[in-house]
Each structure stands twice: as C-alpha cells, then as structure tokens.
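Trainee: Construct the entire structure; sequences and hints are all you get.
Quick note, the sequences are listed as chains A and B, same order.
Heads up, the first sequence is in this note's numbering, so the first residue is 1 and it goes up one at a time.
Heads up, the second sequence is in this note's numbering, so the first residue is 179 and it goes up one at a time.
Since the hints were derived computationally from the structure, they do not count as laboratory data.
Here a beta-carbon is modelled for each residue, glycine too, at the ideal position from N, C-alpha and C.
Any given hint could turn out to be false.
Restraint ranges, calculated between C-beta atoms of paired labels, are given here [stated by the list, open to error]:
no., chain 1, residue 1, chain 2, residue 2, range
1, A, L102, B, V277, 15 to 25 angstroms
2, B, L271, A, E129, 48 to 58 angstroms
3, A, F65, B, E284, 34 to 44 angstroms
4, B, A280, A, V139, 49 to 59 angstroms
5, A, F107, B, L283, 17 to 27 angstroms
Sample of chain A residues at the chain B side, in silico, Cβ under 10 angstroms [stated by the list, open to error]:
no., residue
6, R54
7, H55
8, A100
Computed footprint of chain B on chain A; a stretch qualifies when at least three of its residues, placed anywhere within it, have a C-beta under 8 angstroms from a C-beta of chain B [as the list claims (entries may be wrong)]:
no., segment
9, 31 to 45
10, 105 to 111
11, 154 to 166
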Amino acid sequence: MSFLAAHGGAILFYLFAGLALAGAVGVVTWKSPMNGALSLLVTFLAVAALFLLRHAGFVGIVQIFVYGGGIMVLFLFVIMLVNLNRLEASERVWRQTPWALLLSLLFAGVVGVVARANWAGVSTSGSAERLRTFGGEVVGNPQALAGDLFRNYLLPFEIASLFLLVAMIGAVVLGRRE
Amino acid sequence: MSLANVWNVGTEHYLALSLLLFGIGLFGVINRRNLITILMSIELMLNAVNLNLVAFSYQRGDLLGQVFTVFTITVAAGEAAVGLGILLAMFRLRQTTRVDSAQELEG
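Mentor: As structure tokens, then:
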C-alpha cells in the first residue's frame with residue numbers, strides 16, 4: 001500500500017505512456033484507417049491524462065474536447081464518407097519502408113543523443129503551485145491560464161480566431177462541389 | 179539511469195516519451211501512402227510537441243507553455259479541417275486517397 005502511495009504518480013505515468021505509445025504504433029501499423037483512427041483516440045486520451053499528471057488541467061480537458069471530440073469525429077466522418085473499405089488496401093511493407101524506418105530512427109537517435117548531451121541535469125521536481133496562481137492568490141489552473149491568456153497574450157488569441165475563420169472558409173471552399 | 183530516477187518521473191521522462199511519439203509519427207508520414215493515415219500521423223507529432231510544452235511548463239512553473247499548447251491545439255484543429263477538405267477534394271477527383279496517385283508534377 002505504501003508502495004502505491006509513494007509511486008502512484010510514476011505508475012500512472014508509465015501506464016498512460018504505454019497506452020499512448022501502443023496507440024501511436026497502432027496508427028502507423030493498422031491496415032484499416034478505421035482501426036488506425038480508434039488507436040489514435042487511445043493516444044489522444046492517454047496524452048490528456050499525461051497533461052493532467054503535469055498539472056495542466058485546462059489543457060488536458062481541451063485535449064479531450066478538441067482532439068477526442070472534434071478532430072476524431074472529423075476523421076471518422078471522412079473515413080466513412082469515402083468508404084475506404086472498398087478501396088485497395090495499401091500494403092504495409094513496401095520499398096519505402098526500410099528508408100522510413102531508417103530515417104525516423106536516425107532522427108530519434110540524433111535528437112535523443114543531442115538532448116542527452118545538453119541535458120544540464122535540471123531538477124526533476126516542478127512547481128505546480130505557480131501553475132494555479134494568478135495575481136498572487138491561488139486560484140484554479142483554468143483561471144490562472146485565462147488570466148495569463150487574456151492579459152498577456154490577447155493579440156495572439158485574436159489572431160487565432162482569425163486563423164480559425166480562414167481555416168473554416170478554406171474547408172468550405174475545398175469541400176464545395178464544382 | 180538509477181532506480182530513483184525510474185520512480186521519480188521528471189521532465190526527461192516526458193521528453194523521452196515525446197521523442198518516441200514524434201518518431202513513430204514521422205515513420206507513419208514517410209511510410210504510409212494513405213492520406214488519412216498520414217494526417218493521423220501528423221496529429222501524433224503535434225501531440226508529442228504539446229507533451230514537451232506541458233512538461234517544460236510544469237518544470238519552470240510558467241504558464242506560457244500551456245498557453246502555447248492551447249494555440250497549438252487550435253492550429254491542429256484548423257489543419258485537420260483543411261487537410262480532410264483536401265482529402266475529400268482529391269477523392270472526388272481520383273476515387274482514391276493514395277498519395278502516390280498524384281504524380282502530375284513528377285515529370
């Protein structure tokens with residue numbers, strides 16, 4: 001019991017990290033896009049849980065809403081619309097696969113080695129307190145995030161709304177029948 | 179890595195997980211020929227980046243990382259909408275979503 005109490009956070013991290021990796025491997029290996037989309041959902045939810053473990057409550061919930069809700073529904077809708085099951089199944093292994101494996105392993109290896117060499121041994125303990133403090137008093141994480149967002153990053157926020165408008169118009173124009 | 183580091187989950191654990199997720203997503207983008215799977219792999223890579231931002235936000239006690247993650251999620255939503263719109267247009271044109279069917283510019 002004391003083991004669980006002492007290492008509960010680490011156990012949860014490894015559980016959700018494993019789920020996220022399993023879902024990611026599923027996305028790139030399932031032949032059927034429908035199975036891939038459901039694997040992707042597992043990864044989205046596991047990553048949301050990992051956000052919560054890092055005291056990012058608001059971002060975790062937004063991850064579930066936007067990724068697990070919006071983007072996932074969009075993917076499933078399109079997969080059903082184009083009815084990929086009757087399309088030719090693209091074989092998993094083809095002449096580009098060894099190169100893809102080599103390139104991604106090379107990328108991960110180089111980034112990993114460089115990051116490991118430059119890792120200054122920064123303290124692993126974070127400060128959750130400041131993530132939910134705004135104006136000197138302790139409020140919730142969403143409240144602190146909103147205070148930061150609307151006071152210091154209001155212009156990027158407005159630009160993001162403009163971006164969404166452009167993306168919406170673009171999607172409508174692309175989806176229109178000629 | 180000592181045993182204490184295994185049970186004391188820190189930023190480097192998140193960085194390692196994020197690197198693996200990004201690598202898997204990169205592999206998917208290069209390897210798969212189905213445009214839907216390629217888009218899903220791009221979402222994987224964006225998720226890996228968000229994981230990094232949130233981990234560093236926690237380590238530094240700075241909300242900027244989480245603010246940036248909100249913007250990344252916004253961009254990812256727009257990217258998915260436009261990408262799937264392109265996919266539908268391509269499917270109407272060619273009756274397939276395989277990216278190697280588009281070779282007009284190959285010469």
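Trainee: Out of the numbered hints, which ones does the structure contradict?
Mentor: Hints that this structure does not satisfy do not exist here, as all of them hold.
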